[in-house]
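Visitor: Sequence:
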Amino acid sequence: MDTMSVNVAPVRSATSVAEARESARDFLEGLAQPTVAAEDADTVVLVVSELVTNALRHGGGTRTLDLTAPPDSIEVAVHDSSPQAPRMRTPDLNGGTGGFGWPMVNRLARATAVTPRPSGGKTVSALLSR
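Using this note's numbering, the first residue of the sequence shown is number 1, and each one after it goes up by one.
Note that these hints are calculated values from the structure, not bench results. This one's a predicted model, so the numbers in the text were calculated from it and none came from an experiment. Hints are supplied without guarantee of correctness; some may be wrong.
Cβ pair distances, simulated, as ranges [what the hints assert, rightly or not]:
| id | residue 1 | residue 2 | range |
| --- | --- | --- | --- |
| 1 | T35 | L108 | 15 to 21 Å |
| 2 | G98 | G30 | 29 to 35 Å |
| 3 | A85 | L108 | 14 to 20 Å |
| 4 | P91 | A18 | 30 to 36 Å |
| 5 | G95 | L31 | 36 to 42 Å |
| 6 | G95 | G60 | 22 to 28 Å |
| 7 | E29 | T90 | 34 to 40 Å |
Positions of the beta carbon are idealized from the N, C-alpha and C atoms, including for glycine.
The whole structure should be built from the sequences, with the hints applied where relevant.
Guide: Have a look at this one:
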């Protein structure tokens, strides 16, 4: 099983999200067989982007991004410092306040989980097909 842990700067920065996406692409390209189909890779990168963005906006900053590749899936886990779980909300089509990310992650993933961390904060994870 391939595993990678990436530290993402705990600041509100588009650079942090871009670095997380790039790290995910690098991880996927470096996987041993079977390789990840282009569409599945795009889905993983999108989920990484959404989870890291949510951690930066709502979770007090991202601590780490972990990517794991069991034989038939990819697991994305983002650790942040907030104990507050993500919540579904009605997407804001006019005011630009969001609401699209967490529902999208839940639709794209086989499973999602929010796990409190003993040291504080939480881990938000998504299991995706490959």
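Visitor: Each hint should be assessed against the structure and marked as holding or not.
Guide: Hint check results:
Our hint of 15 to 21 Å for T35 and L108 holds, since their Cβ atoms are close to 19 Å apart. For G98 paired with G30, a C-beta distance near 32 Å keeps the hint of 29 to 35 Å intact. At roughly 18 Å, the beta-carbon separation of A85 and L108 lies within the given 14 to 20 Å, and the hint holds. P91 and A18 have their C-beta atoms about 23 Å apart, which leaves the hinted 30 to 36 Å range violated.
At about 40 Å, the beta-carbon gap between G95 and L31 stays in the expected band of 36 to 42 Å. Under the hint 22 to 28 Å, the C-beta atoms of G95 and G60, about 23 Å apart, fit the expected range. Between E29 and T90 the beta carbons are some 37 Å apart, a value that agrees with the proposed interval 34 to 40 Å.
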